[in-house]
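Add chain B to chain A, keeping to what the hints say.
There are 2 protein chains.
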Amino acid sequence: MADPSTTPPLTRASVLAAHSLIKPYIHETPVLTNTTLDQLASTPRTPEELQGTEWEATERPANPKIRFWFKCENFQRIGAFKARGAFHAVERLKQTEGLEGLRKGGVVTHSSGNHAQALSLAARENGIPAHIVMPTISPPPKIAATKDYGANITFSGSTSTEREAVTREVIEQTGARLVPPYDHPDIILGQGTAALELQRQVAASLSTSGTTNRRLNAIISPCGGGGLLSGTALACSDLSPSDPSTPGPILVFGAEPSFSGADDGRRGYYSGTRIESVKSLTIADGLRTPLGAYPWSIIYERKLVAGMYSVGEEEIKKALRLVYERMKVVVEPSAVVGLAVALFNEEFRSMVEREGGEEGWDLGVVFSGGNVELAALGRLFGEE
Amino acid sequence: MADPSTTPPLTRASVLAAHSLIKPYIHETPVLTNTTLDQLASTPRTPEELQGTEWEATERPANPKIRFWFKCENFQRIGAFKARGAFHAVERLKQTEGLEGLRKGGVVTHSSGNHAQALSLAARENGIPAHIVMPTISPPPKIAATKDYGANITFSGSTSTEREAVTREVIEQTGARLVPPYDHPDIILGQGTAALELQRQVAASLSTSGTTNRRLNAIISPCGGGGLLSGTALACSDLSPSDPSTPGPILVFGAEPSFSGADDGRRGYYSGTRIESVKSLTIADGLRTPLGAYPWSIIYERKLVAGMYSVGEEEIKKALRLVYERMKVVVEPSAVVGLAVALFNEEFRSMVEREGGEEGWDLGVVFSGGNVELAALGRLFGEE
Chain A
1 MADPSTTPPL TRASVLAAHS LIKPYIHETP VLTNTTLDQL ASTPRTPEEL
51 QGTEWEATER PANPKIRFWF KCENFQRIGA FKARGAFHAV ERLKQTEGLE
101 GLRKGGVVTH SSGNHAQALS LAARENGIPA HIVMPTISPP PKIAATKDYG
151 ANITFSGSTS TEREAVTREV IEQTGARLVP PYDHPDIILG QGTAALELQR
201 QVAASLSTSG TTNRRLNAII SPCGGGGLLS GTALACSDLS PSDPSTPGPI
251 LVFGAEPSFS GADDGRRGYY SGTRIESVKS LTIADGLRTP LGAYPWSIIY
301 ERKLVAGMYS VGEEEIKKAL RLVYERMKVV VEPSAVVGLA VALFNEEFRS
351 MVEREGGEEG WDLGVVFSGG NVELAALGRL FGEE
Chain B
1 MADPSTTPPL TRASVLAAHS LIKPYIHETP VLTNTTLDQL ASTPRTPEEL
51 QGTEWEATER PANPKIRFWF KCENFQRIGA FKARGAFHAV ERLKQTEGLE
101 GLRKGGVVTH SSGNHAQALS LAARENGIPA HIVMPTISPP PKIAATKDYG
151 ANITFSGSTS TEREAVTREV IEQTGARLVP PYDHPDIILG QGTAALELQR
201 QVAASLSTSG TTNRRLNAII SPCGGGGLLS GTALACSDLS PSDPSTPGPI
251 LVFGAEPSFS GADDGRRGYY SGTRIESVKS LTIADGLRTP LGAYPWSIIY
301 ERKLVAGMYS VGEEEIKKAL RLVYERMKVV VEPSAVVGLA VALFNEEFRS
351 MVEREGGEEG WDLGVVFSGG NVELAALGRL FGEE
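As given, the protein sequences belong to chains A and B, one line each in that order.
Counting from 1, one number per residue, gives the positions in the first sequence under the working numbering.
Counting from 1, one number per residue, gives the positions in the second sequence under the working numbering.
Misleading hints may appear alongside valid ones.
When chains are identical, the list treats them as one kind, so a pair holds in a single copy or across two.
To be verified - With a straight-line Cα cutoff of 27 Å, these simulated DSSO-like cross-link-like pairs (lysine-lysine) come out:
{"id": "1", "residue 1": "K317", "residue 2": "K147"}
{"id": "2", "residue 1": "K317", "residue 2": "K142"}
{"id": "3", "residue 1": "K65", "residue 2": "K318"}
{"id": "4", "residue 1": "K65", "residue 2": "K147"}
{"id": "5", "residue 1": "K23", "residue 2": "K104"}
{"id": "6", "residue 1": "K317", "residue 2": "K94"}
{"id": "7", "residue 1": "K147", "residue 2": "K23"}
{"id": "8", "residue 1": "K65", "residue 2": "K303"}
{"id": "9", "residue 1": "K318", "residue 2": "K142"}
{"id": "10", "residue 1": "K147", "residue 2": "K318"}
Simulated from the structure, these hints should not be mistaken for lab results.
So here's chain A without its partners, still in its complex pose (with noise of 0.2 Å):
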């Protein structure tokens, strides 16, 4: 990986720089929008429905009015806005160290996710080696689908310590170049780059149907390690309103799933200090990740991000099924934790309601991945 103190500046001008690297590499993804998920949204929850969360106490349940747009990173390649972070990474290292000298060493990661076919993509089509350290007990699929991107497997042990070992072993024997899942600035500015993308989608989709009065007003972003969110937040920073595609300020919000402390980041932002562990199981498995120093630095030290948010498994389901049933569109558990937020969490609705009034907000959705195995996914509505 680069050296940090030689990356760029953690920036909105760097954001833009890291577009131009990948733009030849990654899909401008669309943004869509849908009227019955506005409705719903914009409609207050019923005491019936409030039974039984935190809120059931509440006497008048927000009334925010939210017209959503959906940037559909499950359409990037590899199903995932991974594939930003990856290719700006080589670009840079291509820029630092030389073609040469990569195609010779290698890069090397420990994922067993998303992260690890965006990097192994994004060697491959420089044509530099990609080792991945994988636990053994990775599902079969993952692996399966790590190798037809031509990434060579070296297997370890579950743990943090077994798999940062065996990297360090196949660092030694080839030379290659480390490139961490999400806590390095090369990763976070690729991924800044899905928020720069949908700031001008927006602003061009309300120019072309003559709507003058309405601009993107908050991005929400998943959160697992921060690199998505805290690219996002450095996306909406130094907002010149000279571009039209930024004629205001637009506010970024984290989501967090809260199942069994996963609501790390949430925690971490109120209380002023980073938790560096996380053992949860929630169904959003992309976001089972502690935040990361670099994106606790723009997130919290910088407070480039407004609030964060967290809802429950079943809110996440709901929130998938409607997706599903709705949008016709595939997205991961971890991708519509953002949209969770905005239907069902009562302190954000309400926030919405009071910053965004009669107007109401027009609210940026990242859905961060698509790649979802349709056995699990089978089990979740299966069952009901």
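Below, chain B without anything else, positioned relative to chain A:
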């Protein structure tokens, strides 16, 4: 229903007229492409894959070149192409009967599927009452969905005799006009509009990318009652080479499930006699219906369909899995039968190899709908 003797002639010009009528009410659904599926379709199947199929003795598996264009009617209003025919039938009734009379008597159909929801929606948007006759044993979510569109539901027994008797009663009591699901010219002309859009969208996309040596060569549509397939065939008949969206002839093919006789259209087509009764419980539940008389006259008698092909349940499931995993869109099993034919039916594939030659074919595939029950989907994939 409008008296068939007063309906427009079954020609491409009438499909164009239908399109002008319904345009304000329907979505122009997107057309998607997918390089992974193109590669898969353009790779010969291995002897192992053909083992246990009727083609296991094939010496040289077919080697066609196929580039898919998926017309996504799963994103249509109510989640299926049926909205086109229903809106067209209602517009035509408004022309012939006047809106006032219709608002008094309403419209009626017996259906538990997508047509019921489509007619309910078309009626509601015109302030017309909709009466839907549904078997008492219909799945509760389907009943709820139809009620959500504001329809009056009358329950009946589940045989077609019982349903038709109740429908007659509703007509006697209310004066409602019958809008059948597929066997009527106005319905067929409405369904054909999807293929018109597909022609224009493919031509526009090829022209934007400067690809002048290719054009849409064929369309494959699922065939149940035959409304969509025969409408597609009309839309591809009498083409004018001076129309930039149709620079050459476009062949039309029908796709059916073979399970327990659901391939009635194919069997009738090749034996010369329409088969009027089908009892199949294929997972492609939209295609359990026998071919109607009007569709038959277009498909078989006028020979506007160039061939009919079928695939088994496992092949439909494989195609379904590919669409979910690779394209990240939600489709119902009926929607992927055309894709399954293109991927797995050696007869179809040999024909494309022969007819398409070195250049291969640009093949339109109509994804007819996306109304799948998640619990059923769960059972389908959860078992594996």
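Comparing the hints with the structure gives:
1. Taking the closest pair of Cα atoms, K317 and K147 come within 27 Å of each other only across two copies (24 Å); inside a single copy the shortest separation is 30 Å, beyond that limit.
2. In this assembly of identical chains, the alpha carbons of K317 and K142 lie at most 27 Å apart whether taken from the same copy (22 Å) or from different copies (20 Å).
3. Proximity of K65 to K318 under the C-alpha cut-off of 27 Å is restricted to the intra-copy arrangement: shortest distance 20 Å within a copy versus 42 Å between copies.
4. Taking the shortest Cα distances, K65 and K147 sit within 27 Å of each other only across copies (26 Å), while inside one copy they are farther apart (46 Å).
5. Proximity of K23 to K104 under the C-alpha cut-off of 27 Å is restricted to the intra-copy arrangement: shortest distance 25 Å within a copy versus 58 Å between copies.
6. Proximity of K317 to K94 under the C-alpha cut-off of 27 Å is found in neither arrangement, the shortest distances being 41 Å within a copy and 43 Å between copies.
7. In this assembly of identical chains, K147 and K23 lie within 27 Å of each other by CA distance solely inside one copy; the values are 25 Å within and 47 Å between copies.
8. Taking the shortest alpha-carbon separations for K65 and K303, only the intra-copy value of 26 Å comes in at or below 27 Å, while the best inter-copy value is 54 Å.
9. For a Cα distance limit of 27 Å, the shortest separation of K318 from K142 qualifies both inside one copy, at 26 Å, and across copies, at 18 Å.
10. In this homomeric assembly, K147 and K318 come within 27 Å of each other (Cα to Cα) only across copies, at 21 Å, whereas the closest approach inside a single copy is 33 Å.
Checked against the numbered hints given earlier, this structure breaks only hint 6.
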